[in-house]
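**Student:** In the order they appear, the protein sequences are chains A and B. If you read the first sequence in this note's numbering, its first letter stands for residue 1, the second for the next number, and so on. If you read the second sequence in this note's numbering, its first letter stands for residue 129, the second for the next number, and so on.
If you're looking for bench data, these hints aren't it; they were derived computationally from the structure. Note that the coordinates shown come from a computational prediction; the quantities given were computed from them, not determined experimentally.
Subject to a maximum C-alpha distance of 35 Å in a straight line, what follows is the list of computed DSBU-like cross-link-like pairs (lysine-lysine):
1) B:K403 with A:K108
2) B:K391 with A:K108
3) B:K183 with B:K240
4) A:K119 with B:K403
5) B:K244 with B:K144
6) B:K403 with A:K8
Listing some non-contacts, in silico: residues in chain A with all C-beta distances to chain B over 10 Å:
7) M9
8) G10
9) L14
10) S16
11) V19
12) M21
13) D23
14) R24
15) T34
16) D56
17) K119
18) E121
19) D122
Ideal Cβ placement from N, Cα and C applies to all residues, glycine included.
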Amino acid sequence: MDRIPILKMGDFLLVSIQVDMHDRLALTLQDDLTSQIVRHRARGVLIDISALEMVDSFIGRMLGTIASMALLLDAETVVVGMQPSVAITLVELGLSLRGIRTALDVEKGMATLQAALLKREDAIDAAS
Amino acid sequence: MTPKSNNQLAEILASKDQEITAHWLELQAKSTGRRSAAEQQETIRDSRDFMDALKGAVAKGQLDDIGTPAWAPMRELLNGLSARRAKGGYSPTETASFVFSLKEPIFAAIHKETGKNPDVFMNALWQTTTLIDSLGLLTMDAYQRTREEVINRQQQELMELSTPVVRLWDNILALPLIGTLDSSRTQVVMQNLLEAIVQTRSDFAIIDITGVPVVDTLVAQHLLKTVAAARLMGADCLISGIRPQIAQTIIHLGVDLSEVTTKATLADAFAAALKRGGNSVTRNGKASDSRANDSREK
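Using the sequences and the hints given, assemble the complete structure.
**Tutor:** Below, the structure written as structure tokens:
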């Protein structure tokens, strides 16, 4: 069975979705990603969906759940490179994914993640 | 409809062809006097083609249904003719009367041939009139269709023209909206904006609604959707150019725009976008000096 590769890069995990997502693949990704976050103690997850041309409500929701799960494991999630048609579809489906961070490309996504982590550390510093 | 009367019309058309055509052309020349010589030439050619097609189709029979294959050349001819006339600026009346004016010459010919026998005369007359009517309707259908195509194309062009995406700065786009927003236009706007965001890799997009006369719940909904879609792609969307009345309307309608950054003017939104992108704008003495020089030179 095919899997979506998860790459480790420093404190971050990189997921690039290059194939059409189907439901089983999405569930496998969820499993893999959560266990990888725990194993590598990742602080951030970057999901690149620039090659994804079609989404349905299931995949849309899955992106949201992955972000929530990652947050539970203390990792920030950013989704990058969403195509216009995909964005329109998600909005039409009523899935605005408010809890999720987004960026235009991987580079900007990385910057977003780093900024988010810095902010979090600052918050912790301020609290202590 | 007896086959006999069928042949009657075919016979009349075959034998009196020249006479009918001449009479017809004469009638047409009278009714469309204002046309140019080239257009009259075209009408004459069209009329000859039409007569030929009519003769061919009538000879094959089946006068009561012009949907049959025997009428295919005629249908093609009429479709082409009405399309050409619709584009050429002929009025619907002029287009329709091209076909309908054929009644008089044919009736005259029928009368001459069969006038002595009222039954046959009546029958042939009725058949001809139904036939010409259905051909005329076909012409009008085609005319209308062409006109609608023209209107649709113009609508499309207008839509594309009226939604430009402007690049204001590195990473900052502006979309000045002018005119009423409806669902189909918003669709184009949304698509254009999102594609421009991808192309220019912009972090900020400013939607300026100064030129939108009315904002109702539907328009607000569309704006919110566009903002949400841009956010999903990783760009920040600001809405600017909200006039006092529009602000009042939005609040009275109970539309929640609190999740969107809104500014009163495009300048404010631009300043906000610059600031968020880590840029700052400061005034220095030079710029104002040069402007003072400019005004002195004038």
